[in-house]
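**Student:** Sequence:
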Amino acid sequence: MEILNNSFQFFIMRKKIAIVGLIILMLGIALFIAGFETVERAPTYTTVIHINNDEYTTACFTYHSGDVVVITGVNNDSGLICNSYINNVTQKNIHNYTIIPEKSSPDAFYYDNLKPGGRYVFVEFSSSRPVIGYSISSQSEVSLLSIAVYLSGAGIILGIIGFITAIAGIILKKKPETKFILNKKK
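Using UniProt numbering, you'd call the opening residue of the sequence shown number 1 and step up by one each time.
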């Protein structure tokens, strides 16, 4: 009877481990989806205007104090310039008019140091139509996006932990019982 009771308790424990694993997995999936959807909803503009020959621009936009401008899909012959200089820019002199970004990565420029109320345009010289994306966000929106990225990462980690825990609960086997025989000395 005791063996049957121990087996039943072990089955209940395995079931609880599997349920906890599934709950953690679902929580991880929910966090990932919430973070991913928040990032996906960030407004990104991708309209590119062909000016002439190899010159392309984005639509002109107005910078407001506290905004963060992120431009992706950049190359060596591209840059953000004041809209008033658009007629003066060529592929050879674009670097004379380009505003230096606050931060940059190989594929993106980040600006939060522009003149409030200024009108700007991103210019790129390319032999084929470039894929440029840009977004203009307030500091609070950028903070929200940062949180969303961390939520997605936490969701992935929790999902993996939950999956492993659920699998462990399903395949966990009972340890074989070993009985020790004590030899009494006479």
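Certain hints may be false.
Unchecked claim - Distance condition first, Cα-Cα at most 25 Å in a straight line; then the derived DSS-like pairs of lysine-lysine:
{"#": "1", "residue 1": "Lys173", "residue 2": "Lys15"}
{"#": "2", "residue 1": "Lys173", "residue 2": "Lys16"}
{"#": "3", "residue 1": "Lys115", "residue 2": "Lys103"}
{"#": "4", "residue 1": "Lys103", "residue 2": "Lys92"}
Think of the hints as simulated: they come from the structure by calculation, not from any bench.
Here the structure is a predicted model, which means the values were calculated and not measured.
**Student:** So which of the earlier hints does this model not fit?
**Tutor:** none
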